[in-house]
Amino acid sequence: MSLLRRLFPRTYMARRNLLRAKARSGLAVLTIIIGVVAIASLGSFGVAFQEAQTDAIGGFGNELLISPGEDNGQLLDERDRRDVERLASGKEVIPLLVAQWQLESTGETVTVRGVGNPKALYQIREGSIPDSWRSGAIVGSEFAEKHEIEPGQSIRLDGRTYRVQAVLEEEGQTSVANPNEAVVVPPGEIDVDGYNNLVVKTESPREASALADEIRANLNERKERVDVLDFSKFAEQFDQAFRQIRMFLLGVGGISLLVAGISIANVMLMSAIERREEIGVLRAVGYQRIDVLGIMLAEAMLLGIIGAIVGVALSLLATMGINSLMLDGPFDFRSATVMYMVLAFAFGIGASIVAGLYPAWKASSKRPVEALRG
Amino acid sequence: MVVVEATDVVKEYESGETVRALKGVNFEIEAGEFVAIVGPSGSGKSTLLNLVGLLDTPTSGTVRVAGEDIEDHSDRERTSVRKSVVGFVFQSYYLIPTLTALENVVVPCLLDRNPAEAEQRAVDLLERVGLGDRLDHYPDELSGGQKQRVAIARSLINEPDVLLTDEPTGNLDRETGERVLDEFDRVTDEGVAVVTVTHDEYVASFADRVLHLVDGELGTDAPSVEAVGGGVFE
Chain S
39 MSLLRRLFPR TYMARRNLLR AKARSGLAVL TIIIGVVAIA SLGSFGVAFQ
89 EAQTDAIGGF GNELLISPGE DNGQLLDERD RRDVERLASG KEVIPLLVAQ
139 WQLESTGETV TVRGVGNPKA LYQIREGSIP DSWRSGAIVG SEFAEKHEIE
189 PGQSIRLDGR TYRVQAVLEE EGQTSVANPN EAVVVPPGEI DVDGYNNLVV
239 KTESPREASA LADEIRANLN ERKERVDVLD FSKFAEQFDQ AFRQIRMFLL
289 GVGGISLLVA GISIANVMLM SAIERREEIG VLRAVGYQRI DVLGIMLAEA
339 MLLGIIGAIV GVALSLLATM GINSLMLDGP FDFRSATVMY MVLAFAFGIG
389 ASIVAGLYPA WKASSKRPVE ALRG
Chain C
147 MVVVEATDVV KEYESGETVR ALKGVNFEIE AGEFVAIVGP SGSGKSTLLN
197 LVGLLDTPTS GTVRVAGEDI EDHSDRERTS VRKSVVGFVF QSYYLIPTLT
247 ALENVVVPCL LDRNPAEAEQ RAVDLLERVG LGDRLDHYPD ELSGGQKQRV
297 AIARSLINEP DVLLTDEPTG NLDRETGERV LDEFDRVTDE GVAVVTVTHD
347 EYVASFADRV LHLVDGELGT DAPSVEAVGG GVFE
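Just so you know, the sequences run in chain order S and C.
Mapped onto my numbering, the consecutive letters of the first sequence carry residue numbers 39 to 412.
Mapped onto my numbering, the consecutive letters of the second sequence carry residue numbers 147 to 380.
None of these hints come from the bench; they were simulated from the model.
For clarity, every value in this text was computed on a predicted model and none was experimentally measured.
Possibly wrong hints are sitting among the right ones.
Listed below are the simulated DSS-like cross-link pairs for lysine-lysine, each with C-alpha atoms no more than 27 Å apart in a straight line [what the hints assert, rightly or not]:
#1 S:Lys404 / C:Lys169
#2 S:Lys271 / S:Lys239
#3 C:Lys229 / S:Lys400
#4 S:Lys157 / S:Lys129
#5 S:Lys404 / C:Lys229
#6 S:Lys271 / S:Lys129
#7 S:Lys157 / S:Lys184
Quick look at which bits of chain C chain S covers, simulated, 3 or more residues with Cβ under 8 Å [claimed, not checked]:
#8 197-205
#9 239-250
#10 254-268
Covered stretches of chain S (in silico footprint by chain C; criterion: 3 or more residues with CB under 8 Å from a CB of chain C, positions within the stretch not fixed) [as the list claims (entries may be wrong)]:
#11 41-48
#12 52-62
#13 312-319
#14 324-332
C-beta atoms are modelled at their ideal positions from N, C-alpha and C, and glycine is treated no differently.
Can you make the complete structure from the sequences, with help from the hints?
As structure tokens, then:
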């Protein structure tokens, strides 16, 4: 006697019943597979799309850019800096100087930023700079490409020679103090009395937004000393837009799973009608209603489990494709993607069981006499 | 010992107007008796069989099977009683096409705690009806007579007190039918009452006793060759 029959007789009978109409069961499984793949792949696509876009635009929501307010002069002074640092309580406040210098090799004007601790603001791609940075220059990635500059070479700006020590990573377009086409030099090189900007780095857009409000409230009480640019509102809108895109994609997936559920219900109803006499015999020989219900639900569940397993396997392949196109290689799975897989698996099985409930209940609640009447 | 006892059994169906299928039927069936219920179509034979088989409840009156009055039983309790005391053999066999002969016989006990024991009994029963070499055949690999013998084995797997059969030879030729009837004869020898519903006078002639049902009422007794025991007919 087979183990399945001894341990799970209902499942054994269910399996036999499904195998009886292979094509029909196969088509029902196919609809579940499509539903599961739709949910899992569209979910993963949404995640990968958002990650890829976020990488391109930059994680801008966490930074504040503070400039002189309209009642202030051209520059922020030491007092402004101290006040901001006090409010920022421990968060890094990076002073920024800006100048327009002439590049002697081509004669064009380039933006030069004076930054004391560039590592706090930028990612270095090539070369290195010492912790206490006093001399030399760092160039942005586009600047380096345009002028074919590598670390170790020298450039002449406004009559002075700078040794290029490092090249920066390409930063997203919305990065504060975008360095891509700029040159960064130690702040002492730029001869101004004060700061053009202060950049404050926070942990999250929410924190950035709160700090921005606090700085505005404290410093601009009587006159507009500072102008605080915070990107957190944009960041939130951005997140919301992606959430909506994901919901839309999930909705599409959900509809296909709904269709799958209807198809399962249809298959089960047909099968219940076809097997009416057989179910009557089972009831006559002593099967309780709950037994018949159990057999029918086991059938729906088997369809769902097979569909969900195959569906998730296919979704993994599809996600690997999406990952390699949009992220860093096929195995760059994000946790949200894994969540969608689990969700799709659970929904696949859940939808099948829910779809099987009505036909199973209908089959089991027929009185044996009626079922046998033929 | 009386295994089936029907007292003033009335059964009505609602289908637009009330149809009285049984109009107060009384009878008793003893253990080991072979009783045929004969009558024209629509006389209430199947209704009576369903009541005795605990598949249905009477509108009024009582049906006792193996001492159990099922009047106040829930569907669940009726099903349990049915499982332990009644066996069924149908005209169209009603074997489950996806299960082998052996599995079909085990079906009533498949959900029990110890189906292995039932399986051994099923093998014995199939051997007894002459199908020891057909255990793993599927119903579509068996002839009509073989299918009906599988059905008989199935009806005996739960060691019932009464075996109910509905036109058991209706789909069989005379020779195969006789083999099936012989089988019933052997069953009665073991103390199991066999109640059969039939049109066929030939089947009735095998019975110990014949109950004529006309328009929902039991008619006069028409005893067969070797009537056994004293039935109560009205």
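Hint check against the structure, violated hint numbers in rising order | Violated: none.
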